[in-house]
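Participant: So you can see what is in the structure, the chains are spelled out below.
Protein chains: 2
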Amino acid sequence: MKKLNLLELPYTELTAFVGEITRRSISEFLKLHVRLYTADLREATEAYLLRSGKCLRPSLLLLSALASGAKRPEQLLPAMAAVECYHVATLIHDDIIDHDELRRGKPTVHALIASQAAKRHPRLVSDKARDYGVATAIVAGDILFGYSASLLSMLTRHFPIGVVESILSYQSCILHPGLLLGEQLDMELEMMELSKVTDKSVEKMMRLKTGLLLGFAARIGVALGERKPLEDSSLATALGMAAEDAGVAFQIEDDILGLFGEAAQLGKPIGSDLREGKPTLLMVNAWSKATSAERKRLKYILGNQRLTESDIEDARAIVERTGALATCRRRANFMIRQAKLACKAVPDELARQALFSWIDSLVKRSH
Amino acid sequence: MKKLNLLELPYTELTAFVGEITRRSISEFLKLHVRLYTADLREATEAYLLRSGKCLRPSLLLLSALASGAKRPEQLLPAMAAVECYHVATLIHDDIIDHDELRRGKPTVHALIASQAAKRHPRLVSDKARDYGVATAIVAGDILFGYSASLLSMLTRHFPIGVVESILSYQSCILHPGLLLGEQLDMELEMMELSKVTDKSVEKMMRLKTGLLLGFAARIGVALGERKPLEDSSLATALGMAAEDAGVAFQIEDDILGLFGEAAQLGKPIGSDLREGKPTLLMVNAWSKATSAERKRLKYILGNQRLTESDIEDARAIVERTGALATCRRRANFMIRQAKLACKAVPDELARQALFSWIDSLVKRSH
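Chains A and B, in that order, are what the protein sequence lines are.
Each residue of the first sequence is one higher than the one before, starting from 0 at the first, in numbering that gives the first Met the number 0.
Each residue of the second sequence is one higher than the one before, starting from 0 at the first, in numbering that gives the first Met the number 0.
None of these hints come from the bench; they were simulated from the model.
Predicted model, so just to flag it, every value in this text is computed and none were measured.
Some clues are possibly wrong.
Pairs involving identical chains hold if they fit within one copy or between any two copies, as the list cannot separate such chains.
What the hints assert, rightly or not - Lysine-lysine pairs mimicking DSS-like chemistry, simulated, CA-CA at most 30 Å apart:
#  : residue 1 : residue 2
1  : K339      : K199
2  : K127      : K295
3  : K105      : K127
4  : K195      : K227
5  : K118      : K295
6  : K343      : K30
7  : K195      : K105
8  : K127      : K363
9  : K267      : K199
10 : K127      : K339
11 : K70       : K295
12 : K203      : K127
13 : K127      : K227
14 : K199      : K30
15 : K343      : K203
16 : K295      : K30
17 : K203      : K70
18 : K267      : K118
19 : K127      : K53
20 : K298      : K227
21 : K267      : K70
22 : K298      : K70
23 : K203      : K30
24 : K288      : K363
25 : K288      : K70
26 : K53       : K298
27 : K363      : K118
28 : K298      : K339
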């Protein structure tokens with residue numbers, strides 16, 4: 000693979016290619032390890048990695064590297080595999096925490112292992128099977144977090160050890176505690192009363208939980224492209240922050256889609272966030288500008304498991320009437336503009352355009 | 000602190016000192032990070048670290064380093080803190096998996112956070128509080144796994160980067176997936192019928208789940224003492240394997256104690272393993288040599304939640320009659336002898352004696 004060839008590909012072909020080579024390199028890596036595992040642990044570890052995901056993070060890493068002078072994209076593969084493994088580790092633990100049953104159209108890891116154990120051991124009571132599914136998913140997530148570090152260590156074959164060390168250190172000192180704090184904030188915000196949640200705290204949570212890992216992918220890409228430690232590269236910081244902004248914009252759009260979109264496009268029923276009582280930026284904004292009658296209505300709607308279509312209609316109307324919808328759209332657009340502005344620091348025209356496409360594909364998801 | 004001074008201390012004073020400096024250096028490290036956390040996440044992360052544990056792993060690391068020429072023990076502190084953080088991360092996740100409610104005499108992390116959340120949010124139903132406790136404990140364990148890597152990275156201040164890299168790489172490629180496979184095997188063995196469990200598979204599980212991390216502590220110590228990458232040191236391998244053997248011996252003794260010891264010494268009720276249906280080496284051995292009447296009795300006893308004192312008496316009698324008790328004691332003693340034999344490679348008399356004391360204190364626990 001040559002640099003120009005890759006960036007000259009139409010964007011969708013480029014990302015399909017990235018998905019393919021990332022998955023292939025992950026499964027080669029896993030092959031060495033999982034043969035020692037039990038069947039359940041192997042399945043738990045491989046499940047999400049082998050389902051076709053969008054590989055947004057490996058794509059961003061590759062594009063950021065190409066934008067900063069990477070000549071041998073194949074040398075980036077361990078890093079691309081690492082960010083995807085890391086992402087999948089967070090998904091496995093997040094799915095346990097959120098009690099989600101579906102991921103990428105199939106059962107989540109804990110649900111999958113529980114249902115198989117129940118079939119295999121007919122005497123196993125269903126509580127035990129569920130616990131075993133959760134326990135195996137905890138273990139599988141832990142393992143994949145670790146694989147991400149193993150994969151990054153492999154970069155020392157082709158890159159200066161100081162560069163790799165700066166990447167590992169960013170991962171363990173900034174990305175990892177930050178992303179997990181985001182996970183925790185997400186849980187804690189959900190337990191708070193809407194009137195006490197500020198839009199600042201919601202944005203902080205989104206930046207940590209979603210933005211930080213996207214930013215990490217961009218930062219690694221630049222560090223490897225420039226063959227410089229992360230902290231010495233201004234482009235790494237610029238693209239890193241751009242990716243974080245894009246991540247926040249994506250989350251805002253996702254919340255909007257959750258109320259105004261189509262179930263098929265969203266991948267879950269419209270209004271799920273309302274039923275779960277999730278204090279999205281949309282809701283926090285609407286609350287702050289709502290009349291007391293509207294607040295009463297919102298209180299009834301949020302966290303109510305038995306919402307009707309007309310309740311959801313009412314929530315939509317309040318969100319529009321208060322201007323919360325417009326405010327959130329503006330905020331997302333501002334973040335996107337900011338992200339694109341940062342990409343202007345990239346001198347290469349093709350690479351810059353590809354980064355723009357990445358941002359657009361993140362925010363305007365069409366699947 | 001000077002090398003000779005440390006090794007000249009009586010062993011119990013030495014380990015008390017290690018406990019103190021390890022905990023102090025962990026809390027200094029945490030101070031930098033946890034101030035950004037929510038109160039619950041801070042508490043979940045700090046809980047076990049601040050309870051006085053035995054710090055067996057930091058002690059072994061220090062002794063192994065002193066045994067291989069370390070001149071500045073204070074430079075080892077990040078590594079000592081790292082192995083303790085790692086150990087605590089595994090405990091937090093293990094306690095969720097095992098549904099344990101007590102650890103070091105106080106509530107386990109998930110139980111602690113659940114009970115506090117229930118108090119703080121009286122409207123929270125108890126299921127939700129429990130889920131929140133588990134979720135927070137998952138996050139806290141994840142964070143501590145990562146801190147272990149951050150702490151190890153700090154070693155580059157005083158040690159060659161190649162040495163540190165070999166340690167990080169052992170952690171992510173061997174220790175981490177291996178220990179977690181041990182955790183998984185433990186769960187899966189518990190679901191199997193006793194007649195299908197082999198003593199080989201139980202020993203493998205113990206070596207992975209308990210031995211590997213002890214071995215890692217010894218290996219790191221030697222690598223830092225000799226300032227050589229792990230893979231280039233025969234002493235690192237020798238002491239690493241010795242520590243693994245000692246870990247298996249400890250587990251066997253622990254299983255014996257679980258049936259023949261005193262509740263106070265064990266820290267949990269006698270017979271817990273029987274109630275949980277845990278296929279210990281003792282049980283697997285007894286089964287293989289039991290008469291069919293004894294097997295019938297064992298089948299009734301194992302996994303039975305309502306065991307009487309006389310059931311436990313019967314289990315003890317079968318374990319003694321079949322020779323399983325003697326076989327397991329022999330096996331543990333063989334492992335201990337093997338571990339001590341390996342320590343003979345240490346030239347320094349004081350260091351060698353201290354390692355012997357470490358092995359004895361691990362196996363003959365008196366708390």
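Participant: Next step is simple, just say for each hint if it's right about the structure.
Facilitator: Hints, verified against the model:
1. K339 to K199: within (22 Å within a copy, 59 Å between copies)
2. K127 to K295: between (41 Å within a copy, 24 Å between copies)
3. K105 to K127: both (22 Å within a copy, 25 Å between copies)
4. K195 to K227: For K195 and K227, neither the intra-copy (44 Å) nor the inter-copy (55 Å) Cα distance is at most 30 Å.
5. K118 to K295: Only across copies: K118 and K295 sit 26 Å apart there, 47 Å inside one copy, limit 30 Å.
6. K343 to K30: neither (41 Å within a copy, 38 Å between copies)
7. K195 to K105: Intra 36 Å, inter 33 Å, cutoff 30 Å: neither.
8. K127 to K363: The answer is neither: 41 Å in one copy and 34 Å across copies each exceed 30 Å.
9. K267 to K199: Only inside one copy: K267 and K199 sit 26 Å apart there, 47 Å across copies, limit 30 Å.
10. K127 to K339: Classified as neither; 50 Å inside a copy, 41 Å across copies.
11. K70 to K295: Answer is neither; intra-copy 59 Å and inter-copy 69 Å both fail.
12. K203 to K127: For K203 and K127, only the inter-copy Cα distance (24 Å) is at most 30 Å; the intra-copy one is 37 Å.
13. K127 to K227: neither (50 Å within a copy, 47 Å between copies)
14. K199 to K30: between (44 Å within a copy, 24 Å between copies)
15. K343 to K203: Cα proximity of K343 and K203: one copy only (25 Å, versus 56 Å across).
16. K295 to K30: neither (56 Å within a copy, 42 Å between copies)
17. K203 to K70: neither (36 Å within a copy, 45 Å between copies)
18. K267 to K118: Answer is within: at 27 Å inside a copy they meet the 30 Å cutoff, but 33 Å across does not.
19. K127 to K53: neither (34 Å within a copy, 33 Å between copies)
20. K298 to K227: So K298 and K227 fail the 30 Å test inside a copy (52 Å) and across (63 Å) alike.
21. K267 to K70: Answer is neither; intra-copy 41 Å and inter-copy 60 Å both fail.
22. K298 to K70: neither (56 Å within a copy, 65 Å between copies)
23. K203 to K30: between (38 Å within a copy, 21 Å between copies)
24. K288 to K363: within (27 Å within a copy, 67 Å between copies)
25. K288 to K70: neither (52 Å within a copy, 66 Å between copies)
26. K53 to K298: neither (36 Å within a copy, 50 Å between copies)
27. K363 to K118: neither (41 Å within a copy, 43 Å between copies)
28. K298 to K339: neither (38 Å within a copy, 67 Å between copies)
When held up to the earlier numbered hints, the structure conflicts with 4, 6, 7, 8, 10, 11, 13, 16, 17, 19, 20, 21, 22, 25, 26, 27, 28 and fits the remainder.
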